[in-house]
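Each protein sequence line maps, in turn, to chains A and B. Going letter by letter, the first sequence gives residues 832 to 1147 in the working numbering. Going letter by letter, the second sequence gives residues 2 to 583 in the working numbering.
Rather than coming from a laboratory, the hints here were simulated on the basis of the structure. Wrong hints could be hidden among the right ones.
What the hints assert, rightly or not - Listed below are the simulated SDA-like cross-link pairs for lysine to any residue, each with C-alpha atoms no more than 20 Å apart in a straight line:
1) A:K963 to B:Q207
2) A:K963 to B:D222
3) A:K963 to B:W126
Listed here are the chains, written in short residue letters.
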Amino acid sequence: MNGLYQLAVVFGVLVVALTIAAGLIWLERRLLALWQDRYGPNRVGPFGLFQVLADMIKIFTKEDWTAPFADKATFILAPAIIVVTVLLSFAVVPFAPGIVVADLDIGLLFFLGMSSLGVYSVVLAGWSSDNKYSLLGGMRAAAQMLSYEVFMGLSLMGVVVLAGSFSLTAIVEAQRNLWFVVPQFLGFLLFMIAGIAETRRLPFDLPEAESELIAGYHAEYSGMKFGMFFVGEYLGIILISSMITVLFFGGWLGPVLPGIVWFLIKVFFFIAFFILLRAALPRPRFDQLMSWGWKVMLPLTLANVLVTGALVLAFA
Amino acid sequence: MIASASILDLLEEKFGAAQITRQATADGIPTFWTPRENVQETLRWLKFDVERPYRMLYDLTAIDERERVNREGQPPSDFTVVYVLFSFERNEYVRIKTALSESSLSVGTITGIWPSANWYERELWDMFGIVVEGHPHLERILMPRSWVGHPLRKDHPARATEMGPYQLTPRKEEYEQELLRFRPEDWGMQSGRGETDFIFLNLGPQHPGTHGVFRTVLQLDGEVIVDAVPDIGYHHRAAEKMGERQTWHTYIPYTDRVDYLSGVVNNLAYLNSVERLAGIVPPPRARVIRVMMTELFRIINHLVWYGTFAQDVGQLSPVFYTFNDRERAFAIVETICGARMHPNWFRIGGVAQDLPNGWQELFRDFLKYLPPRLKEYDRAVLGNRIFKARTVGVGAYDTQTAIEWGVTGPNLRATGFEWDFRKKQPYSGYEDFEFDIPTGKNGDCYDRAIVRVEEMRQSLRIIEQCVNNMPGGPYMSDHPLATPPIKKFTMHDIETLITHFLNVSWGPVLPPGEAMCPIEASKGSNGYYLVSDGSTNSYRTRIRTPSFPHLQMLPLLCRGRMIPDLVAILGAMDYVLADVDR
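Next up, chain A with everything else stripped away, as it sits in the complex (with noise of 0.2 Å):
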């Protein structure tokens, strides 16, 4: 019985994941076609709702070409990668009490790891197109992604230090009385800011910058390979935004709704939050975005964890 109701959980965390991403290709462009005062698609079905499945079998019709001058192996290796890492993270985040497909002690460094990984996607993705604008956007992916992701680990064991866990639902647990956005609001804007860099969102798309490298590292995909870069991303938004959700405003925790109902409101009011950052804002250039990196984040970033231990044993 245990085992059945595992496996429900893993498929329908799987299931809910990939059609919430699919629905975000909708839901972003009908957000961004509100802020930017005109309709979005509105004609397939009601308020243009099917227009993602007529996508979907746009995309997965489409011719599955390679480019000749590819490295075959790694061009078709780069775009699961990415996908398979975001998926494997949400086996750790918790949606509900009970809703969780693998409640690891360790849970928080296997998403650390498991985004760290996710890098070489778009790398390798950029270097085996053999094309020089994916190599440029490769390098900046990798080199951005790389730096941000030193202060994005940072930026959270500040969280850890309160909860005294690596495991997110203790995380979740801990956050009973007190969301840990109070205590750890700068740790909370910091991996926010990083968890948009690792998505690879305006304002820090440089790897793809459609108006500087056309597409960057996915210039050369297309069909259901690209297809896999555009639900990773959207996999990895949600990814962010349930991360934000379990580490620093109480996962499930509401009152009145069920568990389920309160994350998901508030993994949707981030998705949203993106969505408008991205309408918002424009793009830094590469090495302005490295300085601050390196020059701000990251000793803000230590500076958090230095004070939030300092006062955790001062009054502990």
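Dock chain B against chain A, hints included.
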């Protein structure tokens, strides 16, 4: 003009009367001929040594004179090279001509005097087959490298039907593609430095950051641009050659499409010269209508630029806002002119029609609508810190450099130099309007943006004055060359009927002569140099566009910067490829 006499006198004094042959032109620009051997020395003297020097090379072109009639008083010439210089101190142009014979078709380069002569001289070679001796890289610029012949020669066909059917065989396709391959050694470029290999990145002709079919090859060290080689001509549509085929009247629609974002501004630049040649002064109402529509199109142009520039630095939304605003402006244009982007609405001697009933309300609504929107964009775009980080200090040049490279318009004013031809050499009645000339300080991308945004506000001011003070009277001159003449008189008197018939069927015959009366277009100074030999069409139409010299500056601005900066520089430059390639 007294001033014009003085520079010619000075020249005669300096070089001797034998070297200087004066020519009278309709535009009053001091014009003289000097032998080929003397050109470089004369130009050098005019740029460096004369008091109040001519520091800008405004234009450089040629005329194939072999079939020209009615050129009495000018030295014999098969091909004439024409240099136009401008002096900001004198607020005056000077035109230098030199005669070449068909048997010895070459002239010395002046790239040593003005770096901006480079592209103009390549155009001389490309279009006329005139060899420019000493030029650093004399290659075709507008036509494909495989082109046979030199299009602006009179013996070159202008119509496709005269050239036989076009076929693209696989072999030819391969050959053409091979010609497009970039070879760094052709441009004197190293393929590496020490241990480092450079990447040569082909940016364009299809690239979202280049705003049209423009190609530039970047020599990259990592992501840092070592050097760039711009390649233009993909948007060349033979606008100048068409000028020789169309009548003076039927050429107007072609001008709309030169700077295709500025519509009737082009009409005005062309007609300014035509009307000077014909000796027409449009009636006051026509002049004010022209100013009003020109300023509206200046706003339309700047709105497109605003949105796309923001998009170039990664901001997705402003382009939708400004295009919505532009749509409102187009609604006005549509009501008045019947068309939108290319209204083709000014005519020789006036405008096509009188204003429709209720036009004031349309403008008043727009005048109320736009300022708060502009204020909002100030906060969303100009005030944004990332936007500033991307544009402040990027692609900066000073006034001196700008003049050296032939930069005009907002790009010149961004360096802090207050120079606007609407104020300095008023045309079409601009002297009657109150408006300020916005300037920048540092000449970087950010200042160029500030200047343009402020220009929109000033244009609104001008439009408001037009709306409040529109004079009555006819919208078309009653000059016999005005085309088409006002129809209602034709049914009453036979002379008008005949003129109407001739001007509409054959087209008006302009008296022989030459004129160039540039205007302050939305992107900079735009001038049509027209040569009439007394026929229904132009003998030579030369379009001096602002975008051409601006784009030529690109390598200078982007050396040592990164690819994102290049995109920002291109965006801030505000060019369109049709305005570059014509």
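Consistency of the hints with the structure:
Taking the CA atoms of K963 of chain A and Q207 of chain B, the gap is near 15 Å; set against the 20 Å cutoff, the hint holds. Between K963 of chain A and D222 of chain B the alpha-carbon distance is near 13 Å, which keeps this suggested pair within the 20 Å criterion. A C-alpha spacing of about 34 Å is found between K963 of chain A and W126 of chain B, which places the hinted pair above 20 Å, so the restraint is violated.
In this structure, only the earlier hint numbered 3 is contradicted, and the remaining ones agree with it.
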